[in-house]
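J.: Chains as they are written, first to last, in the numbering used here: chain A, 1 to 302; chain B, 1 to 302.
Any given hint could be a false lead.
Sample of chain B residues lacking proximity to chain A, with all beta carbon distances greater than 10 angstroms (derived) [stated by the list, open to error]:
(1) L15
(2) D23
(3) G51
(4) D101
(5) A206
(6) P208
(7) L232
(8) D237
(9) V241
(10) L245
(11) G252
(12) E299
Using 20 angstroms as the maximum straight-line C-alpha spacing, the simulated EDC-like pairs for lysine to aspartate or glutamate come out as follows [what the hints assert, rightly or not]:
(13) K247(A) with D101(A)
(14) K53(A) with D237(A)
(15) K111(B) with E115(A)
(16) K53(B) with D288(B)
(17) K247(B) with D101(B)
(18) K111(A) with E115(B)
The set of hints was computed from the structure by calculation and includes no laboratory data. Everything numeric in this text was worked out from a predicted model, so none of it was measured. Using N, Cα and C, we set each Cβ at its ideal position, and we do this for glycine too.
Protein chains: 2
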Amino acid sequence: MSPVAPAALSLHQALAEVGAEIDRRFDALLAVPDDARARLYQAMRHAAIGGGKRLRPLLVFAVADMFRVNRDCTAAVATAIECIHVYSLIHDDLPAMDDDDTRRGKPTVHKAFDEATAILAGDSLHALAFEILGEATAHADPLVRAELVVELARASGAAGMAGGQMMDLVAETTRFDLATVTRLQALKTGALIAFSVEAGAILGHAGPEARTSLRGYARDIGLAFQIADDILDVEGDEETVGKKLGKDGDAGKETFLSLLGLYRAREQARMLVEQSIAHLHAFGPEADLLREIARFVLERDR
Amino acid sequence: MSPVAPAALSLHQALAEVGAEIDRRFDALLAVPDDARARLYQAMRHAAIGGGKRLRPLLVFAVADMFRVNRDCTAAVATAIECIHVYSLIHDDLPAMDDDDTRRGKPTVHKAFDEATAILAGDSLHALAFEILGEATAHADPLVRAELVVELARASGAAGMAGGQMMDLVAETTRFDLATVTRLQALKTGALIAFSVEAGAILGHAGPEARTSLRGYARDIGLAFQIADDILDVEGDEETVGKKLGKDGDAGKETFLSLLGLYRAREQARMLVEQSIAHLHAFGPEADLLREIARFVLERDR
Numbered sequence: 001m002s003p004v005a006p007a008a009l010s011l012h013q014a015l016a017e018v019g020a021e022i023d024r025r026f027d028a029l030l031a032v033p034d035d036a037r038a039r040l041y042q043a044m045r046h047a048a049i050g051g052g053k054r055l056r057p058l059l060v061f062a063v064a065d066m067f068r069v070n071r072d073c074t075a076a077v078a079t080a081i082e083c084i085h086v087y088s089l090i091h092d093d094l095p096a097m098d099d100d101d102t103r104r105g106k107p108t109v110h111k112a113f114d115e116a117t118a119i120l121a122g123d124s125l126h127a128l129a130f131e132i133l134g135e136a137t138a139h140a141d142p143l144v145r146a147e148l149v150v151e152l153a154r155a156s157g158a159a160g161m162a163g164g165q166m167m168d169l170v171a172e173t174t175r176f177d178l179a180t181v182t183r184l185q186a187l188k189t190g191a192l193i194a195f196s197v198e199a200g201a202i203l204g205h206a207g208p209e210a211r212t213s214l215r216g217y218a219r220d221i222g223l224a225f226q227i228a229d230d231i232l233d234v235e236g237d238e239e240t241v242g243k244k245l246g247k248d249g250d251a252g253k254e255t256f257l258s259l260l261g262l263y264r265a266r267e268q269a270r271m272l273v274e275q276s277i278a279h280l281h282a283f284g285p286e287a288d289l290l291r292e293i294a295r296f297v298l299e300r301d302r
Numbered sequence: 001m002s003p004v005a006p007a008a009l010s011l012h013q014a015l016a017e018v019g020a021e022i023d024r025r026f027d028a029l030l031a032v033p034d035d036a037r038a039r040l041y042q043a044m045r046h047a048a049i050g051g052g053k054r055l056r057p058l059l060v061f062a063v064a065d066m067f068r069v070n071r072d073c074t075a076a077v078a079t080a081i082e083c084i085h086v087y088s089l090i091h092d093d094l095p096a097m098d099d100d101d102t103r104r105g106k107p108t109v110h111k112a113f114d115e116a117t118a119i120l121a122g123d124s125l126h127a128l129a130f131e132i133l134g135e136a137t138a139h140a141d142p143l144v145r146a147e148l149v150v151e152l153a154r155a156s157g158a159a160g161m162a163g164g165q166m167m168d169l170v171a172e173t174t175r176f177d178l179a180t181v182t183r184l185q186a187l188k189t190g191a192l193i194a195f196s197v198e199a200g201a202i203l204g205h206a207g208p209e210a211r212t213s214l215r216g217y218a219r220d221i222g223l224a225f226q227i228a229d230d231i232l233d234v235e236g237d238e239e240t241v242g243k244k245l246g247k248d249g250d251a252g253k254e255t256f257l258s259l260l261g262l263y264r265a266r267e268q269a270r271m272l273v274e275q276s277i278a279h280l281h282a283f284g285p286e287a288d289l290l291r292e293i294a295r296f297v298l299e300r301d302r
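Only chain A is shown next, with the shape it has when bound in the complex (with noise of 0.2 angstroms):
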């Protein structure tokens, strides 16, 4: 990985350099011991290297760059939100909770090893999180650090989160209005795609003009990327996306898709793309890979 940002990092360039460094990062952070805990890395492993979009730690860069912040911090912390985002995953896939098998194109970790392990892997890259962010700001400004700490906390717990996967639990036995499934996914997916792009900008000290841009930015994509989700739930190829889809419907879900209908969703999620660029109009060319990751969470196919 290179000490300094690139001066044009195309979207393709960026996707691929983030993921290769979390996954270095990863495998140097999860060596397997000698012991009988040995099955638990080899689950964490399983669950957290090679594969994934690493749009959240592809997001952390996209904005510390712009405030050309030291990029080994920069990385250690797109770690830590990673590692949030693998434990959520592994977890919400357990058999009490969505029952998945498969993710990412591989067996979920319950169905690799077993459920009581892939709660401990959850549970421990749960940990592992605040581990690599508390080392990696040891030597930052003090407040710097203790609001990521804060922030990265709440994303992930019951006002973020874990609340949003409590609501989608509810969801599949109450009919929800537009707004609660707005809200629903606002904690599920948006706090830490949010919490991403606010990671870049106390990391870059941005100013309070430039952190009210982002973080209008960070919220329009989070909704898009959801709506975009729950189109592909429905119109994704299952070997592409690398889980089983349309199990929203099957639950009796409302989604974005069921209560605005496949064109509205479409428009809604244009829009929002639309938006979230328009927030960025006081930066220059230093926001280009931010403009390209807005597009990429409407274009996807997985």
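Fit chain B to the given chain A structure using the hints.
T.: Just chain B now, with coordinates in the frame of chain A:
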């Protein structure tokens, strides 16, 4: 709660005061929201409020009070540690793990609610620990905060509690020797007890000699605590202990009791408690509460 440490607090008073303080904080932290997440918060309250010995928070207070740490900050750090403890109990009780129906004299979370809610309640308390820790120490010395976050994450993850629980699951099918059982328990229960003592020392800016003494104390009471637990599992009263007993023997797991026999296990625990108190020789009466806690670890009936 008194803002300054009382001169001489008996163990009985200290347990009651710390228990009330932790309950009061959880009650405020876990206000039930008026939305689909209500069930999640109710589950967190069920597990966190009104139960347990609060041994770990008591250890934080006992050490921090020796160094006259601000008690509000101490209470927050103690609550963060108890969050981690409670989360680990919820997950360890799950059907895929130890499959327990009763905890602290009440139904376990997955029995009172359901498995998905129990997984999410544990995850949410895990995140809450770091949110509290980050907030409580936002204005503390930067290295103090970084150390607290990193050490708590280590105590919770694959190199601590979660790793110990993994070894414990392996113990059902593999015959462990005394060294391996000691290592297992050092991770599973020892790491968080050690961190409780360490946190008080970190907050108190204890010097290297004091920290070495306190580490020795924590290691010894942690091990004594576990041996006492193994003895209680065989000799205790289910109603008093508040959970099902005799499970390790039924599962064919090696414990300190099965490896040492009752007589030697008792002797070993007694020796460890004496040794833990000996580590405190350089401290005066300000460490009397720690000495009382060491004796309590051995004599408790729950």
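J.: Failing hints, ascending?
T.: none
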